[in-house]
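Protein chains in written order, with the numbering used here: chain A, 81 to 483; chain Y, 17 to 161.
These are calculated hints, taken from the structure and not from any lab test.
Glycine included, each C-beta is placed from N, C-alpha and C at the ideal position.
Heads up, a few of these hints could be off.
Said to hold, decoys possible - Here are a few chain A residues that sit away from chain Y, every Cβ distance over 12 Å (derived from the structure):
1. N113
2. R314
3. R344
4. G429
To be verified - To spell it out: a stretch of chain A is covered by chain Y in this simulated footprint if at least three of its residues, at any positions, have a beta carbon under 8 Å from a beta carbon of chain Y; those stretches are:
5. 352 to 361
6. 451 to 462
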Amino acid sequence: MKKTIYLDNAATTKTAPEVVEAMLPYFTEFYGNASSIYRLGAQSLQAVTAARDVIAASIGADSSEIYFTAGGSEADNWALKAAAEAYRQKGRHIITSKIEHHAVLHTCEYLEKSGFEITYLDVDECGLISPEELEEAIRPDTILISVMFANNEIGTIEPIEEIGRIARAHSVLFHTDAVQAYGQVPIDVDKLNIDMLSASAHKMNGPKGIGFLYIRKGVKIRSFVHGGAQERKRRAGTENVTGIVGFAKAAELSMASMEERIERETGLRDYLIARIEKEIPFSRLNGHRTLRLPNNVNFCFRFIEGESLLIKLDMQGICASSGSACTSGSLDPSHVLLAIGLEHEIAHGSLRLTLGPETTKEELDQTVEALKEIVKQLRGMSPLYEDFIKNKNSELQEESHVQ
Amino acid sequence: MYSEKVMDHFEHPRNVGEIENASGVGTVGNAKCGDIMRIYLDIDDNQVIRDCKFKTFGCGAAVATSSMATELVKGKTVTEALAVTNQAVMEALDGLPPVKVHCSLLAEEGIHAALWDYAEKNHIQIEGLSKPKSDISEEEAEEEY
Numbered sequence: 081m082k083k084t085i086y087l088d089n090a091a092t093t094k095t096a097p098e099v100v101e102a103m104l105p106y107f108t109e110f111y112g113n114a115s116s117i118y119r120l121g122a123q124s125l126q127a128v129t130a131a132r133d134v135i136a137a138s139i140g141a142d143s144s145e146i147y148f149t150a151g152g153s154e155a156d157n158w159a160l161k162a163a164a165e166a167y168r169q170k171g172r173h174i175i176t177s178k179i180e181h182h183a184v185l186h187t188c189e190y191l192e193k194s195g196f197e198i199t200y201l202d203v204d205e206c207g208l209i210s211p212e213e214l215e216e217a218i219r220p221d222t223i224l225i226s227v228m229f230a231n232n233e234i235g236t237i238e239p240i241e242e243i244g245r246i247a248r249a250h251s252v253l254f255h256t257d258a259v260q261a262y263g264q265v266p267i268d269v270d271k272l273n274i275d276m277l278s279a280s281a282h283k284m285n286g287p288k289g290i291g292f293l294y295i296r297k298g299v300k301i302r303s304f305v306h307g308g309a310q311e312r313k314r315r316a317g318t319e320n321v322t323g324i325v326g327f328a329k330a331a332e333l334s335m336a337s338m339e340e341r342i343e344r345e346t347g348l349r350d351y352l353i354a355r356i357e358k359e360i361p362f363s364r365l366n367g368h369r370t371l372r373l374p375n376n377v378n379f380c381f382r383f384i385e386g387e388s389l390l391i392k393l394d395m396q397g398i399c400a401s402s403g404s405a406c407t408s409g410s411l412d413p414s415h416v417l418l419a420i421g422l423e424h425e426i427a428h429g430s431l432r433l434t435l436g437p438e439t440t441k442e443e444l445d446q447t448v449e450a451l452k453e454i455v456k457q458l459r460g461m462s463p464l465y466e467d468f469i470k471n472k473n474s475e476l477q478e479e480s481h482v483q
Numbered sequence: 017m018y019s020e021k022v023m024d025h026f027e028h029p030r031n032v033g034e035i036e037n038a039s040g041v042g043t044v045g046n047a048k049c050g051d052i053m054r055i056y057l058d059i060d061d062n063q064v065i066r067d068c069k070f071k072t073f074g075c076g077a078a079v080a081t082s083s084m085a086t087e088l089v090k091g092k093t094v095t096e097a098l099a100v101t102n103q104a105v106m107e108a109l110d111g112l113p114p115v116k117v118h119c120s121l122l123a124e125e126g127i128h129a130a131l132w133d134y135a136e137k138n139h140i141q142i143e144g145l146s147k148p149k150s151d152i153s154e155e156e157a158e159e160e161y
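Pulled out of the complex, with its shape left as it was, chain Y reads as follows (with noise of 0.2 Å):
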């Protein structure tokens, strides 16, 4: 069912684990459909990315687009780490199956609740990232039987 990709990250995670004093925390995802994730950012001055760890409760996916997107936002600056979407997410873990899709998504949105926290804390604006939804939920259409 999973990739051998996503499974390496999913039975190997990278950057488990808490920043403390993070330069920005996001929690996003809600356990009710069973997957949280919550992304630390440890920002430098220069706003570049020094460290990213995460924490995630939920399937083999959550937790392999997690850890992959902490490694594909380390070192950018902030402005480029916005620009690393679910889909950049995915195609690096070799594809999702479809009903896993909404995973990506959440890594994605993870990563911009950091950097909503980062930017409320240091009072500034980042171009392009907009304030995160709190929980994500896809609807989905019940087949006739």
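The shape of chain A in the complex, shown without the other chains (with noise of 0.2 Å):
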């Protein structure tokens, strides 16, 4: 087996030896329950509320505004669920857009089926909603607007400071659920007028199982999980200390070197796409070329489909995912392909690389490699793609005879 390539850094990400190295004591040493009143409970109220700060000031936000939660899926449920709740009063209709995740969008169906009605605004062929159209759709039961920091599958990054001030602006709420961006580019809660803010930290370099939900101080917003008073009663349950911690260093991590890793990232994403457009015929990069996460590449390969490019892919040791419907067991491809306009056929054949802080130039040249001589053999076995040559011949012959 050759050594592994790992390119699904959006799916998850190695957890860093200093995140690892910080949470080590507190599953041994300092394992006390932070409600505990001795000094074993206060070192992990401690280690808790020094987390909490950590993570407040990566985003511009109070320590008393950062909720701790199970995940980013979590965060999102209870950011639409529990605003749906408190201002329903207000009115009944929510907006969001159709490449949100699947933790928004299902959320949202749950929210339709109790009496909500909701807006799912389309995006233009790189995935960027309209700020305009979502002016447009705001109305006087409006009481939230969810739509995402940046897309998961093709990367690009939504005009988030301008729905931000539309939002303000109609004194909408605003949720973004930026677990694909926080860590990866800056984010100022209040510069970009965010009220709620979904992250999680298994995406950049932390452990699975935490995230946090912002909640800007004066939104009216219930409890998520009844029981103790943990998270200003707001998600009771004893702190997932280890997480916590791990989670803050992770975010200090990430912090300290965003200049560097954005630059550095940036530039081996565009090597990469610039390989693959120039050596690949027939291959479409999808999302904005420059509105993007400086990690994600998405192309479409024409006749071939994800998932067996995905298993030869694998054979060499490289780690990627696609939207094929394959790979989510269901028929149907991915929502955020079809919703950028690609044929059904077309977004079954794509693929997601994202990079991480430890890829390399070499990684991604053994991959554009590989990836060349697969596409090539699948195209050989593909019935769409002797078709699309015997038109292309045919239609050759005939321009012949007319000359």
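Can you join these two chains into the complex? Each is in its own frame, and there are hints to help.
Put into structure tokens, the structure is as follows:
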């Protein structure tokens, strides 16, 4: 087996060694319950408080506005369901986009069943929502706008600042799912007028099972989990102290290295995009070329299917993902690729490669070489490619007849 | 997720390609669902399948079932080939994950479509063969959440 080339950092990341090291003492030495009165408990509480300060500072928030959750999906569920419940007297209309993560989309579908009306904004061919359309969609009974910071599949970064400005001007709450963006690009909740923000640790070299929801002071949000007084009585349950400590360490590391990392990963990203575009025919970049997460590359290769591509890459030790139906367990390809206007047959042939801090240029070169060979192989056995070539040849023949 | 046999047939598919002036060609599936199979048959005067080739756009299981189906019908008479079911293809591959069972149906359907094309070209009837459906899709039950 060849050395693993991990290019699926949008799925999850390797926990940084410094993060593991920071967490370890809280399993074995400082294992007290943060709610306990004795010193062992107080040490845990201290760690949680310090971690909350680090996380709050990373997005320009106050520590009292950070609520730890079990991850990004929980934070999204909480933001939408609790806001809907708290503001239902004002209205029952929510605006979101067609390319949200399922944690948002399925929560919206759930809310529709309990009497809420949801507007799903279209996106353009790059995956951007239109601020004008958003503004037009706002009604007197609109209580919440939820648009993701950056898309998990195609990496497009949404016009968050404009959305925040519009939401504020109309006094509508603004939630953003920043699971892919947090730790990758700078975020300031005040500057961007964000009222609620979801994030997750395992997407930025932290541990799995820990995330947070930022809730701006003054936003009426009910408890999500009832029970003890943890998280200002909003989310009961003994704190995941090790997770919280690890999350803060990951945040600290990613904030310190962000500028340099963005520059490095953007360079690698554009190098990979350029090589694929140049060396693999009938490939198409999905998502925006520049308004794009520094670590995201997403391509469609015509005439081939994504799952086959992934298995062949895996045989060469390369981990990637696809928006093909076969990888999602349903017959439909990714809702994101369909929303940017791709045909079903083309959307089935998508490949997402997401870089991380350890990704090297050599790894990307190996990946391109492997891809070239695999795409050629799969096209060689594709009836769609066969038809395409035959049609092209007969067109050429017709042309030469005319001349 | 896949058995070793499936992986073997995916990695080293048997009988990939085209047959020029084939006795019968069948294309089934649709790009919307992400699977298309094309089966080519070369059938001699005694109705024996001398050669069989395929081309497939689809997932690992789609490639493996096409490959196995071509292996199973090669050398058989058209009547025998007609009796090769999706179940037989699956068994020969040591099983498929439940979500991939439709790939084996597609392989069976592909063989039938190629046989149908052969029968039409030669103005003959093959007992038990009916006109194949042009595409196969499964209705999935939506779960409440």
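Okay, the hints, checked on the actual structure:
{"no.": "1", "hint": "N113", "in the structure": "holds (33 Å)"}
{"no.": "2", "hint": "R314", "in the structure": "holds (24 Å)"}
{"no.": "3", "hint": "R344", "in the structure": "holds (35 Å)"}
{"no.": "4", "hint": "G429", "in the structure": "violated (9 Å)"}
{"no.": "5", "hint": "352 to 361", "in the structure": "violated (count 0)"}
{"no.": "6", "hint": "451 to 462", "in the structure": "holds (count 3)"}
Checked against the numbered hints given earlier, this structure breaks hints 4, 5; the rest are met.
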